[in-house]
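Protein chains: 2
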Amino acid sequence: VQRGFDAATAVEPAGEGRYTGRIDSGWDIAGNANGGYLLALGARAMADTVGRPPLSVTAHYLAPGRVGLCEISVEVLRGGRRMATVAARLSSNGDDVLALLGTFADQVPGGPTVVDAAPPELPAFERCVRSVPPAEGSGFGDRVHVRVRPDDAGYRDARPTGRAEIRGWFTFDAAPDDAPPADQQIDVFGLLQAVDAFAPVCFNLDGVPVGWAPTLELTVHVRGIPSPGPLRCRFHNRFVQDGLFEEDGEVWDSSGKLVAQSRQLALIPRG
Amino acid sequence: VQRGFDAATAVEPAGEGRYTGRIDSGWDIAGNANGGYLLALGARAMADTVGRPPLSVTAHYLAPGRVGLCEISVEVLRGGRRMATVAARLSSNGDDVLALLGTFADQVPGGPTVVDAAPPELPAFERCVRSVPPAEGSGFGDRVHVRVRPDDAGYRDARPTGRAEIRGWFTFDAAPDDAPPADQQIDVFGLLQAVDAFAPVCFNLDGVPVGWAPTLELTVHVRGIPSPGPLRCRFHNRFVQDGLFEEDGEVWDSSGKLVAQSRQLALIPRG
Numbered sequence: 001v002q003r004g005f006d007a008a009t010a011v012e013p014a015g016e017g018r019y020t021g022r023i024d025s026g027w028d029i030a031g032n033a034n035g036g037y038l039l040a041l042g043a044r045a046m047a048d049t050v051g052r053p054p055l056s057v058t059a060h061y062l063a064p065g066r067v068g069l070c071e072i073s074v075e076v077l078r079g080g081r082r083m084a085t086v087a088a089r090l091s092s093n094g095d096d097v098l099a100l101l102g103t104f105a106d107q108v109p110g111g112p113t114v115v116d117a118a119p120p121e122l123p124a125f126e127r128c129v130r131s132v133p134p135a136e137g138s139g140f141g142d143r144v145h146v147r148v149r150p151d152d153a154g155y156r157d158a159r160p161t162g163r164a165e166i167r168g169w170f171t172f173d174a175a176p177d178d179a180p181p182a183d184q185q186i187d188v189f190g191l192l193q194a195v196d197a198f199a200p201v202c203f204n205l206d207g208v209p210v211g212w213a214p215t216l217e218l219t220v221h222v223r224g225i226p227s228p229g230p231l232r233c234r235f236h237n238r239f240v241q242d243g244l245f246e247e248d249g250e251v252w253d254s255s256g257k258l259v260a261q262s263r264q265l266a267l268i269p270r271g
Numbered sequence: 272v273q274r275g276f277d278a279a280t281a282v283e284p285a286g287e288g289r290y291t292g293r294i295d296s297g298w299d300i301a302g303n304a305n306g307g308y309l310l311a312l313g314a315r316a317m318a319d320t321v322g323r324p325p326l327s328v329t330a331h332y333l334a335p336g337r338v339g340l341c342e343i344s345v346e347v348l349r350g351g352r353r354m355a356t357v358a359a360r361l362s363s364n365g366d367d368v369l370a371l372l373g374t375f376a377d378q379v380p381g382g383p384t385v386v387d388a389a390p391p392e393l394p395a396f397e398r399c400v401r402s403v404p405p406a407e408g409s410g411f412g413d414r415v416h417v418r419v420r421p422d423d424a425g426y427r428d429a430r431p432t433g434r435a436e437i438r439g440w441f442t443f444d445a446a447p448d449d450a451p452p453a454d455q456q457i458d459v460f461g462l463l464q465a466v467d468a469f470a471p472v473c474f475n476l477d478g479v480p481v482g483w484a485p486t487l488e489l490t491v492h493v494r495g496i497p498s499p500g501p502l503r504c505r506f507h508n509r510f511v512q513d514g515l516f517e518e519d520g521e522v523w524d525s526s527g528k529l530v531a532q533s534r535q536l537a538l539i540p541r542g
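Residue numbers (the working numbering), protein chains in the order written: chain X, 1 to 271; chain A, 272 to 542.
One or more of the hints may lead you astray.
To be verified - Reference listing, derived: stretches of chain X covered by chain A, where coverage requires no fewer than 3 residues with Cβ under 8 Å from a Cβ of chain A: (1) 94-103; (2) 106-114.
What the hints assert, rightly or not - Listed below are several chain A residues computed to face chain X (Cβ distance under 10 Å; list not exhaustive): (3) 326; (4) 331; (5) 367; (6) 385; (7) 476; (8) 511; (9) 512; (10) 521; (11) 525.
As the list claims (entries may be wrong) - FRET-style restraints, in silico, Cβ to Cβ: (12) X:255 - A:485: 26 to 36 Å; (13) A:379 - X:26: 27 to 37 Å; (14) A:433 - X:255: 24 to 34 Å; (15) A:454 - X:95: 44 to 54 Å; (16) A:384 - X:183: 37 to 47 Å; (17) A:485 - X:256: 21 to 31 Å; (18) A:377 - X:20: 29 to 39 Å; (19) X:20 - A:452: 56 to 66 Å; (20) X:211 - A:378: 50 to 60 Å; (21) X:63 - A:377: 17 to 27 Å; (22) X:139 - A:388: 29 to 39 Å; (23) A:347 - X:129: 39 to 49 Å; (24) X:211 - A:541: 46 to 56 Å.
Everything labelled a hint here was simulated from the structure, so no lab data went into it. Everything numeric in this text was worked out from a predicted model, so none of it was measured. C-beta: ideal position from N, C-alpha, C; glycine also.
Let the sequences and hints guide you as you build the complete structure.
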């Protein structure tokens, strides 16, 4: 179950092509709603419209999302037999917060499969560390349960590792100090949250300030339906250029299958 | 110069939020216009509307693009000081062909730069091979000049290399058998073409049929303005799953700077 997340991303139809929802409290970092959370909120309205889950969805972030009611307007651009393509906009307090474009389709097993990668090796959940120290944790750190490999967590203590890589566990609804339930089912909307729940990887680079790194664009490809249990995640970056950086994410399920792939383009604000 | 490409992707304003253009002949593979070409055509209208070049642009492909007049409708979602976010749709003969969403902004030098990668090593342009054998080349193979590392070209002769990687040169307007002009200036729209001009990388995998591999979604991040000269490109894949595969691209300029990064999700049609 991912009950808290499901409730916080619930949407209600409100007439032709319109949904209402709520940017809930506790899913923010310092008052700005998390980008993966907002993506999931928008994608739920899009998926409901076409009766299919996201396969590939892109969000461009227009303005910070603040706690409060929101409205999602959805337009179906193509309603094919297998694939539906949908555009949407999420607005709140009269401001457009994010613009979305996605293709929605069920996963269809079969066809060629060739994988040249393996999930990240992680110590047990309990031996990994919280993404931010508990004292500094916002509510967001209590909503999603992220545990980072200790040797990737240097950014927490102003000791950047020098490697733009962060690997760790993701789950919902764990007790703060316990291992997560092995039978927890995370769905495809949970994957949209997982890809934006860790600290920006370039915080582990020397010369990159640890602070706010707003996402300009985030694309997620759903590559499978997760088997129950916590997710293994890996994020990395190779190019910080002129204050912009990409962050590539992989999310693997407990069976060892890649279930989501993400890339975002984010900004290191200039002083 | 990239004169042929500029002419083939030219768009004309046609009233509030509307542009006309032409899906030109010769930019297709077996009658379907190339995805990078269509992306560039749409992005030109978006860029013209906001007076800024693409920074990150995503296209979802709705229907094959056939030669003929096309119309692009553009909507500005945010017109900020630095960043403008724009949605667009390209239609032809009454069918929507692709849906686009992008953030447009000038490149702004400065800010942190940390790069952990190098351009692909390539033999001289003349020692690399055409992406498809000349006899099988469509007009597209004469419009863009793609030369592949010989050891990545196994797919051409039904001898897949077993590695889902293709590296090579990209330029426009070279004489068929000559090295390209070293002073050729490729612009950011040319980059949108470059990321979709090579053969699908998974054609180099055993068990993946060489045929049509339609792109569902393509995202390009422009990471710099190219210095003059041909571009060095690398494409690779790690996950073919259930007949869907991602293809990641890097495009480097003659100065050794990454100028574009791309990812697409594409489909291996089932027999």
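Practice problem: Return the numbers of the hints above that this structure violates; sort them in rising order. | Solution: 11, 20
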